[in-house]
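K.L.:
Following the hints, position chain Z against chain R.
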Amino acid sequence: VSRRSVLAARIRALFLRNRLERELDDEIRFHLEMQADDNIRAGMDPRQANQAAARSFGGVATMKETYRERQAFHPIDTVAQDVRYGWRMMRKSPGFSTIAVLSLAIGIGANTAVFSAADAQLLRPLPVPRPGDVLTVGSTSPLERFGNLRASYPDYVDVRDRSTSFEGLVAFTNAVVGFASDPDSVPKLKIGTLVSANFFPVMGVEPEVGRAFRPEEDHVPGRDTVLMLGHDFWEQQFGGDRSIVGRTVRLNGIAFTVVGVAPAGFTGLDQFTRYDFYAPLMMWPRLMTDPGIRPLDTRDFRNLDVRGRLKPGVTLSQTQTELSVIATDLERAYPNTNRNRRLAVRTELQNRIAQNPPTAALLAMLTLLAGAVLFVACANVAGLLTSRAPVRAREIAVRLAIGAGRRRVIRQLITESTLIAVIGGVLGLGVGYAGVTLFRQTQLPADLPITVSYELDRRAMVVSLLVALASAVLFGLAPAIRSTRADLTAVMKATDPASYGWRRRWGRAWLVGGQVAVSVVLLAVATFTYRGFQQRLRSGPGYRTDHLLMMSFNPSLVRDTLPQAQQFFEQVAERARRVPGVTSVTLVSAVPMGVDYGFSPVTIVPEGFQFPAGTESAAPLGAMADEHYFDTLGLSMLKGRGFLVTDSADAPKVAVVNQQLAQHYWPAQDPIGKRFRVNDSRGPWVEIVGLAKTSKYTFIMEPPQDFVYLPFRQRPQPRMILLAESAGDPSALVPPLREVVRGIDANQPISNVRTMEDLYRMRTVLILNVVSGLIAALGIMGLGLAIVGLYGLVAYAASRRTKEIGIRMAIGAGRRDVLRMVLRQGLVLALGGLGVGLLASAGVARALDTVFPGGPGGDGRTDVVAFPLVAATVLAATLLAAYFPARRASRVNPTEALRYE
Amino acid sequence: MDNRRAEKTDVLQGTLILLVLRTLEALGPLHGYGIARRIEQISQDLLHLNQGTLYPALLRMEQEQWITGKWGASEKHRKAKFYSLTAAGRKQLAKETGDWQRISSTIERFLGPIPEGLREELP
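If you read the sequences in order, they're chains R and Z.
Residue 225 is where the first sequence starts when you use the numbering used here, and the numbers rise one by one after that.
Residue 323 is where the second sequence starts when you use the numbering used here, and the numbers rise one by one after that.
Looking at chain R on its own, in the form it has when it is part of the complex (with noise of 0.2 Å):
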């Protein structure tokens, strides 16, 4: 209780510091005159009395301290006073605070650019309550480590039902369709999201319109026609319109009534979409552009994202304990569809890495890298304090020996060091702003709306500010404790106050060779990588790039069926490839690199391959096309041949696989002739007619992957890109195939127009330039900051030795060899980091591969180039650093330098 009242009292005193402050006064008079008064009727005359009360007083100025210090919440208190004056220090000296400044900005702003982009891409949390408690639950083989995690319908009603670690479980899948506002016009390419009933109120949203989905709602499938719209598609389409609900929208040309309206801030459960519309899950079959599929009762059609909320007190690994018991039952009660299929529960963070491995693990190096950076500036920090420690040793002394406490100065040091760091972190959020701009750059083309956002928001500033903090504590707390350690009699005493403590430069020694190495490391890295993607970019794609336009048509979105859309692409072909600067016109299902409309995997069973335990078919990714596409997109046949129009539905089926696969399946064999089956092992006979170049399929730095290539006639699809070759300008195409497509079906939705250059371009060029462009950044700050850190050594270190130097020149010694000592002591250095750093660029190299499969460059080889390339960087770099401190020593007039001190 007393402790509490004290706190209190101490609380309350913060607020009423200036009447406290003079009630002090007042009592201290008052008490002052009293005791003279005393006096002199004791027979003193009055000033003889007032200097004795002033006596028997004892000091006001210290009493009045301690008062203080107990009188008010004393660490606030006392930190308002420090900051106020640290601010003083630092207008002391704004060489050196504005050096600290500066390098800490640069460390601090590294860092939150990286982190702006580890938080777009993997760490901001899903938009809903307590996110933490949400997990994903899904259906993995043992030999399925990556990807998604996802579900078959039935296996989600098993597990939502069975299941008692969830507070709920919700199911959704994503679903592209027509969307129009009213029944003429033409239907727009929107996606949105089918959610099971419970989706809203198990993430706990409020529709901020309207309601959300009834229970009822998720019980017969196709019944229930109701809609949710998207915040910003609500606000974009809609203008806001509060009176929506009720209004009937077309999906796919099927009539939808709206009910809600989504919040604001809530896009969905994916992290990059943001979602137009939400659907009753029981719409997916009517909603499905393959009608062959029946999703809502088929166990292995597995493409349900399933998020359970964990009730309160569980944990992840009863969880999954409970999830292994569940898919056991499963296996056993459905062997055919759920035969080695587990069900796995990952944390969202874990789940988004799985999903993207290599983006996780670009973004673990390049933290590791601005993690790097801030140590160079941190280094520095502490070096320039460590230089200004004898300058402000005398000061200590003093504030120690007059009774300041060791951890109030150290607390007082702190604080500065805090300041510095604050103020650097301040400026570090327009370095992080500049890295924001710079990934904004690679937004993905894709027509809907899917996008990384890369954002300097408050998670950012958080982040800057606790980096900053950690960094005051990193290069200010050694420094802080040092100096307060420090013999006050010798340090009083001493005619120069920097003369005891050779040790301490030492110490910056090490620092700066620590910093010279850590620096060569990150423009090694900073080499490979630009170098490397350089090199990638020189060999390119494997596939041509230039004068090709493509568009994308989805005829399913208006209700056409297979063979009406069939007819409409054979037809949109033929009339395109009449239209005058057209020298050539493909259909394919997907093109390489594409966002939205990228290749999606074919289930095959080569045959005569022994599979592994537990797999029964592989699914390399695949595309079905016509028999232009080799052709057009410059992908030379390696063996056999490509398609022909004889391979039509009813002609044997045939197949082009790439050399990746058949290596894979038919190792040092000819692969034409050899057959696989497609979708399963029960599934029709394909033959192997033509074996293609192995180009690149999602990504620049994929490594080589199997591709198979199946003739579009034989394998029809609800959705095609039209690819046409230009002899002139590819964007000139544009309006005239839209008249050609208009004069087939006017109703036809057009998507994704687009030139391959552009695509390429956004999709490969640019982030390969951000990427190789940011980490360049990182390591043209940590030479810079190195090069600030080493010429700050040299410099003091001279003008420490100042009288030294002079002696020697009046003894005889020329400027040349002074120059020449105190280059060297430089030199010492940096050539000591540079080797050091080189050795552990060797090894980064290696560490290198794990970021980018088969290295920067995709030839496995290490760059041996970049060696030689940055040592000679570094050690110019360096050699300048120390040249000018090494000129301005051998400039000193020996008899001034004498006299001096």
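Hints listed in this document are in silico derivations from the structure and should not be mistaken for laboratory results.
All residues carry an ideal CB built from backbone N, CA and C; glycine is no exception.
The reader is advised that the hints may include incorrect statements.
As the list claims (entries may be wrong) - Straight-line Cα separation of at most 20 Å, SDA-like style, residue types lysine to any residue; simulated pairs:
no.: 1; chain 1: Z; residue 1: LYS398; chain 2: R; residue 2: GLU247
no.: 2; chain 1: R; residue 1: LYS877; chain 2: R; residue 2: PRO787
no.: 3; chain 1: R; residue 1: LYS1027; chain 2: R; residue 2: ARG1044
no.: 4; chain 1: Z; residue 1: LYS398; chain 2: R; residue 2: ASN263
no.: 5; chain 1: Z; residue 1: LYS401; chain 2: R; residue 2: ASP1041
no.: 6; chain 1: Z; residue 1: LYS392; chain 2: R; residue 2: ARG234
no.: 7; chain 1: R; residue 1: LYS288; chain 2: R; residue 2: ILE235
no.: 8; chain 1: Z; residue 1: LYS398; chain 2: R; residue 2: ARG265
no.: 9; chain 1: Z; residue 1: LYS417; chain 2: R; residue 2: SER229
no.: 10; chain 1: R; residue 1: LYS288; chain 2: Z; residue 2: LYS417
no.: 11; chain 1: R; residue 1: LYS863; chain 2: R; residue 2: GLN887
no.: 12; chain 1: R; residue 1: LYS1027; chain 2: R; residue 2: GLU1120
no.: 13; chain 1: Z; residue 1: LYS392; chain 2: R; residue 2: ARG253
no.: 14; chain 1: Z; residue 1: LYS398; chain 2: R; residue 2: PRO270
no.: 15; chain 1: R; residue 1: LYS877; chain 2: R; residue 2: GLY907
no.: 16; chain 1: Z; residue 1: LYS392; chain 2: Z; residue 2: THR408
no.: 17; chain 1: R; residue 1: LYS412; chain 2: R; residue 2: ALA970
no.: 18; chain 1: Z; residue 1: LYS401; chain 2: R; residue 2: ARG253
no.: 19; chain 1: Z; residue 1: LYS401; chain 2: R; residue 2: LEU256
no.: 20; chain 1: Z; residue 1: LYS401; chain 2: R; residue 2: ALA260
no.: 21; chain 1: Z; residue 1: LYS392; chain 2: R; residue 2: ASN263
no.: 22; chain 1: R; residue 1: LYS877; chain 2: R; residue 2: PRO908
no.: 23; chain 1: R; residue 1: LYS1027; chain 2: R; residue 2: ASP1041
no.: 24; chain 1: R; residue 1: LYS877; chain 2: R; residue 2: GLU911
no.: 25; chain 1: Z; residue 1: LYS398; chain 2: R; residue 2: ALA260
no.: 26; chain 1: R; residue 1: LYS316; chain 2: R; residue 2: ILE647
Unchecked claim - From the structure, some residues in chain Z lie toward chain R, with a derived Cβ separation under 10 Å:
no.: 27; residue: ARG359
no.: 28; residue: PRO378
no.: 29; residue: GLU384
no.: 30; residue: GLN385
no.: 31; residue: ALA402
no.: 32; residue: LYS403
P.N.:
Same frame as chain R, now just chain Z:
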């Protein structure tokens, strides 16, 4: 140096608090100067009080709610802060008085003549 001084004040402070509590109990509400005078008078100047140290002690006792301070007019119509004992202060006084008596009687026993039996056990 810093530490040694701190220890000294602490010892003094514990006693000082007891003296202040006792003074206020005996004389009722009193201002700081009055308390200081009273302590000096009673101790007949044997206990030399550095008067300034009284005020941090008063602050602490106020914070602990053993005493309360109120501004009022002094005998010469000057504004002064008068301190008076609270119920908690009375309790504290009783406790500290007990403590003090226990300690002083223990020390007295130590400082008195050494008992016969004990002397023989010593080597």
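K.L.:
Is the Cα-Cα distance between LYS392(Z) and ARG234(R) 20 Å or less?
P.N.:
18 Å, holds
K.L.:
Take the C-alpha atoms of LYS392(Z) and ASN263(R), compute the straight-line distance between them, and say whether it is at most 20 Å.
P.N.:
Violated: LYS392(Z) and ASN263(R) sit about 26 Å apart, past 20 Å.
K.L.:
Is LYS863(R) within 20 Å of GLN887(R), Cα to Cα?
P.N.:
Between LYS863(R) and GLN887(R) the Cα gap is close to 13 Å, so the pair holds against 20 Å.
K.L.:
So if I understand the rule, the pair passes when the alpha-carbon distance is 20 Å or less; does LYS316(R) with ILE647(R) pass?
P.N.:
OK: LYS316(R) and ILE647(R) at ~16 Å, within 20 Å.
K.L.:
Can you confirm whether the C-alpha distance between LYS288(R) and LYS417(Z) stays at or below 20 Å?
P.N.:
Judged against 20 Å, a Cα distance of about 29 Å means the pair is violated.
K.L.:
Holds or violated: are the alpha carbons of LYS401(Z) and LEU256(R) at most 20 Å from each other?
P.N.:
13 Å, holds
K.L.:
Should the hint that ALA402(Z) touches chain R count as held when the rule is a Cβ pair under 10 Å?
P.N.:
Holds, because the Cβ-Cβ distance from ALA402(Z) to chain R comes to roughly 5 Å (cut-off 10 Å).
K.L.:
Is the hinted pair LYS398(Z) and ARG265(R) satisfied, with a Cα-Cα distance of at most 20 Å?
P.N.:
The hint holds at about 14 Å.
K.L.:
Has the given pair, LYS1027(R) with ASP1041(R), been kept, meaning a C-alpha gap of at most 20 Å?
P.N.:
15 Å, holds
K.L.:
Measure nothing beyond the straight line between the CA atoms of LYS401(Z) and ALA260(R); if it is 20 Å or shorter, mark the hint as holding.
P.N.:
16 Å, holds
K.L.:
With the threshold set at 20 Å, check whether the alpha-carbon distance from LYS412(R) to ALA970(R) stays at or below it.
P.N.:
Within the cut-off at roughly 13 Å; holds.
K.L.:
Can you confirm whether the C-alpha distance between LYS877(R) and PRO908(R) stays at or below 20 Å?
P.N.:
8 Å, holds
Hint compliance for this structure: hints 5, 10, 21 are not met, and every other hint is.
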